[in-house]
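Colleague: Please model the entire structure based on the sequences and the hints provided.
The numbering used here numbers the first residue of the sequence shown as 1 and each following residue consecutively.
Since the hints were made in silico from the structure, they are not lab data. There may be inaccurate statements among the hints.
Unchecked claim - Taking lysine to aspartate or glutamate and the EDC-like style, the derived pairs with C-alpha atoms no more than 16 Å apart in a straight line are: (1) 461 with 384; (2) 314 with 262; (3) 41 with 202; (4) 314 with 360; (5) 184 with 169; (6) 311 with 360; (7) 225 with 156; (8) 461 with 9; (9) 287 with 77; (10) 311 with 384; (11) 287 with 262.
Keep in mind that this is a model prediction, so the values were computed, not measured.
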Amino acid sequence: MVDLPQSCDVLVVGGGNAGLSAAITAREAGASVILLEHAPKAFRGGNSRHTRNLRLMHDSPTATLRGSYSSSEYWNDLLSVTSGKTDERLARFTIDGTSQLLPWMKAHGARFQPALEGTLSLSRTNAFFLGGGKALMNAYYAAAERLGVNVLYDTEVRSLCLARGMIREVFAVKNGASAAVRPKAVVVCSGGFQANIEWLREYWGDAARNFIIRGTPYAQGVVLKNLLEQGAAPVGDPTQCHAVAVDARAPKFDGGIVSRLDCVPFSIVVDRAGRRFYDEGEDIWPKRYAIWGRLVAQCPEQIAYAVTDAKSEKLSMPSAFPPIRAETIVELAGNLGIDAAALEATVRNFNQAVRPGKFDPGLLDDCRTEGINPPKTHWARPIDQPPFIGYPLRPGITFTYLGVKVDENARVIMQDGRSSANLFAAGEIMAGNILGEGYVAGVGMAIGAVFGRIAGREAAKVALR
Numbered sequence: 001m002v003d004l005p006q007s008c009d010v011l012v013v014g015g016g017n018a019g020l021s022a023a024i025t026a027r028e029a030g031a032s033v034i035l036l037e038h039a040p041k042a043f044r045g046g047n048s049r050h051t052r053n054l055r056l057m058h059d060s061p062t063a064t065l066r067g068s069y070s071s072s073e074y075w076n077d078l079l080s081v082t083s084g085k086t087d088e089r090l091a092r093f094t095i096d097g098t099s100q101l102l103p104w105m106k107a108h109g110a111r112f113q114p115a116l117e118g119t120l121s122l123s124r125t126n127a128f129f130l131g132g133g134k135a136l137m138n139a140y141y142a143a144a145e146r147l148g149v150n151v152l153y154d155t156e157v158r159s160l161c162l163a164r165g166m167i168r169e170v171f172a173v174k175n176g177a178s179a180a181v182r183p184k185a186v187v188v189c190s191g192g193f194q195a196n197i198e199w200l201r202e203y204w205g206d207a208a209r210n211f212i213i214r215g216t217p218y219a220q221g222v223v224l225k226n227l228l229e230q231g232a233a234p235v236g237d238p239t240q241c242h243a244v245a246v247d248a249r250a251p252k253f254d255g256g257i258v259s260r261l262d263c264v265p266f267s268i269v270v271d272r273a274g275r276r277f278y279d280e281g282e283d284i285w286p287k288r289y290a291i292w293g294r295l296v297a298q299c300p301e302q303i304a305y306a307v308t309d310a311k312s313e314k315l316s317m318p319s320a321f322p323p324i325r326a327e328t329i330v331e332l333a334g335n336l337g338i339d340a341a342a343l344e345a346t347v348r349n350f351n352q353a354v355r356p357g358k359f360d361p362g363l364l365d366d367c368r369t370e371g372i373n374p375p376k377t378h379w380a381r382p383i384d385q386p387p388f389i390g391y392p393l394r395p396g397i398t399f400t401y402l403g404v405k406v407d408e409n410a411r412v413i414m415q416d417g418r419s420s421a422n423l424f425a426a427g428e429i430m431a432g433n434i435l436g437e438g439y440v441a442g443v444g445m446a447i448g449a450v451f452g453r454i455a456g457r458e459a460a461k462v463a464l465r
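Modeller: So, in structure tokens, the structure goes:
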């Protein structure tokens, strides 16, 4: 037997940032709430436990943010990375909603670091969690449990009975046994399908076997596929995702943020043949770090290498894995498994193309190359000071953008254009409404928090009316 109540006001599927925001909000509105988390307790929180920050609109400085970050600037940053592939109405709605998040988060146990300085260029735009995402998830779970949210771990939702746009019953499995619950309203916050390698292969082919999944292995897309098969309107390109360059030595799943490599702007990046293939200095890192997973995925064997030297080593967060060092470029090529003559020629040509400027790791400086393709438009300095340093790169998939379409009340929209009567969605499972491609640091957590609160509020209204 499964110890699962047969009914409740609001059922929340998934226990990350979006799910907890929804569960807490619905419970505070007076609804009885069950939260089903696929992972065991030790791994609760989905991808949110690996996060560090979220992006917030604000009109004036706070204890955690410098200066101001207007709605229009936020929108322009989002527009620049998505190439216009976003629902502007929902995007602006989300951006404006972030201005209300800090007080709510603090009231439910979130703690933040003072405004940061350094090369991430995020002191104005992003608030960083004290203790990281795991501390935030622990605080939210404690708040949910104090409020009386019934949290069940190791419980996988397999299907939702969706008839004429309304959820009647939800089927879940725990310890090999199945059970059903009849909620009055449901909020799905179960993420994308990035941990389902076979599903990824449908769009990426065998290259997907070389992808590293940065977050939870429980994001199999079961709920997403079930809803799409029952007529929920899809949104987003299934080949688009939040994908960054991670250390190729990272574990297949759940390596988290410590496997990410932030050295790209101060390096050159080459494929196995020793050739550069993209402008490493195109823009400040928070706006461009999430393009590098896709770029590496397009390389032969889905492998690339960041190469730099001693003077740039301390300019970025290190990997959890030690750098590969050598006294010469030829020796480094051998250590990395790159064609030595080709890498030596690439570095030589790059060094000759560098035009001197005033180097500034925190701004779009004027250190650039001239006469080579691809160019490096910022932070270009000769790679000439041993020891030379290299990192192997793989595509690191954070979450996929295929999801369900929603309206401003987080209601799931059906293929006939009508909004569901009692089904809501928040977080990665609906982020494709806003993220058609690309990514800007901290926006995923912002989407989850804003729409999680909306979904919890609206689900409680349906359940209690």
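Colleague: Look at each hint and say if it fits the structure.
Modeller: Structure-based check of each hint:
1. 461 with 384: violated (64 Å)
2. 314 with 262: holds (11 Å)
3. 41 with 202: Violated, because 32 Å separates the two Cα atoms, which is more than 16 Å.
4. 314 with 360: holds (14 Å)
5. 184 with 169: Given pair residue 184, residue 169 holds - Cα atoms ~9 Å apart, limit 16 Å.
6. 311 with 360: holds (13 Å)
7. 225 with 156: Holds: residue 225 and residue 156 sit about 14 Å apart, inside 16 Å.
8. 461 with 9: The hint holds at about 10 Å.
9. 287 with 77: holds (8 Å)
10. 311 with 384: holds (9 Å)
11. 287 with 262: Given pair residue 287, residue 262 holds - Cα atoms ~12 Å apart, limit 16 Å.
Checked against the numbered hints given earlier, the structure breaks hints 1, 3 and satisfies all the rest.
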